[in-house]
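In order, the protein sequence lines correspond to chains A and B. Last residue of the first sequence: 280 in this note's numbering, with the numbers rising by one and none dropped. Last residue of the second sequence: 639 in this note's numbering, with the numbers rising by one and none dropped.
It is worth saying that the hints were derived from the structure and are not from the lab. It cannot be assumed that every hint is accurate.
Which residues of chain A face chain B? A partial, calculated answer using Cβ under 7 Å [what the hints assert, rightly or not]:
(1) D171
(2) L172
(3) A175
(4) M177
(5) D179
(6) G180
(7) P193
Idealized CB from N, CA, C, for every residue including glycine.
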Amino acid sequence: MSITAPRTPVLMIGKYVAISFYLIFALFPLYWLLKIALTPDQLIFTEGTNLVPSQMTFANFTSVLFKTDFLAYFGNSLVVSLGTAAITTMVAAGAGYAFSRFHFGGKKIIIAVMLITQMFPLLMIIAPIYKIIASLGLLNSLTSLIIVYTAFNIPFATFLMQSFFDGIPKDLEEAAMMDGCTRFQALRKVIFPLTLPGLGATLGFVFTAAWSELLFALMLISKNDTMTFPVGLLTFVSKFSVDWGQMMAAGVLALIPSCLFFIFIQRYLVQGLTSGAVKG
Amino acid sequence: MARMELNNLKKLYGSVEVMRDINLDIEDGEFIVLVGPSGCGKSTLLRMIAGLEPISGGEFLIDGDRMNEMRPRDRDIAMVFQSYALYPHMDVERNMGFSMEIRGESASERKARVLDAAKILGLDKLLKRYPKELSGGQRQRVAMGRAIIRDPRAFLFDEPLSNLDASLRVEMRLEIARLHQKLGATMVYVTHDQVEALTLADRIVVLEGGNIQQVGSPLELYERPANKFVAQFIGSPTMNVVPVSSAQGGVTLANGVTIPTLKDVNPVNAAELGIRPEHIDVVPLGAGDFDAVADVVEHLGSDTNLFVRIDGIGPMMVRVHGNIPKQPGDSVGLKLQRENIHLFASDGQRLRAEDALAA
């Protein structure tokens, strides 16, 4: 009898029960988000804990899309997240490659400093960051957010990229150089195509981080026309009430880009692209 | 076609000298095997020749041109890696034609040359496959094809067979030997497997601790090793080495038996005696130099290996051609073939005089 695959019916059922439990636990908040977004306003409180609303409506979605500034927030978030993801990934790829392939003086110090930046709670440095951005005259600009997010994401993204480069055998580059490539050609023709999964993962990670960031966006942005989506969500909270239906509808819409992004990159994440390069 | 000269090559890592005084001339079309235990510097030396590892001192010439500062791509040398290093995102055809692609040769030219090389290596049916869809032996062939296609001045092989299973290794070894005969190109081959070294090489370079211990043809190394290290490294099974003390006109083993030496060898310096397992004859009890008890007997069919224990000396291995009806626990008489005895001084150097001992 194999140790790895218990095939008795009881164990099988147990396995599925466990998986189902986990899935329900993880996905229930998302379901609730969708449920409230689809529930007509007047029913939200009267049938608050019902699993399925007695009526459904898309009114929340249409009012979010057409009667609020949601689309503007959405656009701002898209600009900030894509900008951050692109710049961070570019810098991280370069730095990760250098860390992975070259020995140079001060390498350990740079790595240590990058690690240290990850140790402090963001709250501690919010005030100095605000001062810096303010004195640069960048308050209320999307650029400020891109700069801050890029700075915060580069260390982790660099380590991520470094591990991807580490996973690509050095032999491949050397073989390419023996085949007549310069180092840069080897990078472009051999290493870069193999790093696509890593680039995809890094892009996805940074994009999501920037997409859902609230703290800095709240501090650095106060004008409506440069608000990103998480800050915009707060506008659904007024002095006397919270417009739950619209807020949830906005939340559902905001999930779409993240989901699309992950659907797009997941094939790179799971693909064992380097298999077969060396002895397998 | 290339003649290589290594003059006083040196390699430093930081301030640590890992290779020194490497002097070697490689003739055009010669098959040189660098052999040695792991960490001896053989791969480093190969990578210095390839240009993948900077040369710290000395001079490396190909056909009289200094190569020290040349990039790998400018040396016109092909290399086959231990890991094969096939590009996983390219099919076999593109892998093999990659060097031509880099040089900007036309697609039709590439296709024709790749097909030629693929036919030589029996890969013509696999051109559209990706490396991950190939077996180990096939990947090895593609790696060789990639080298052949360039028609380089020299080929370098870095332990190319060590990832293959035993039977495939024998097959690919023959393939490489055939390739060398066919192309007549200069080849430098690194291995830790002395069978590969003995079968493939025109000349073997034995390295240890960053030094060249000996350079010579396989037979020279087998028959006239320069020192104890080479003597024990080359030849399988390993040479038996036992301590001796010098005596009047010969050397005395630890069990008191004296073996006479040739008159032109001065046994005064002799500290150890070496004899290969195949150079010990099994004789009737009492008829040889000494008697021994067999601990383990291995019947290989073509040969019989006896692991014997000798009173006062210790264990030795004896290999006898053919099958002899001995069992563990049997006593045997042993006679050392006089002409095949090696004597080593206390510093490990083999004492000269080609045929050390009188019969």
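Hint by hint, here is what the structure shows:
{"no.": "1", "hint": "D171", "result": "holds, 4 Å"}
{"no.": "2", "hint": "L172", "result": "holds, 5 Å"}
{"no.": "3", "hint": "A175", "result": "holds, 4 Å"}
{"no.": "4", "hint": "M177", "result": "holds, 5 Å"}
{"no.": "5", "hint": "D179", "result": "holds, 4 Å"}
{"no.": "6", "hint": "G180", "result": "holds, 4 Å"}
{"no.": "7", "hint": "P193", "result": "holds, 5 Å"}
This entry satisfies every hint, going by the numbered hints stated previously.
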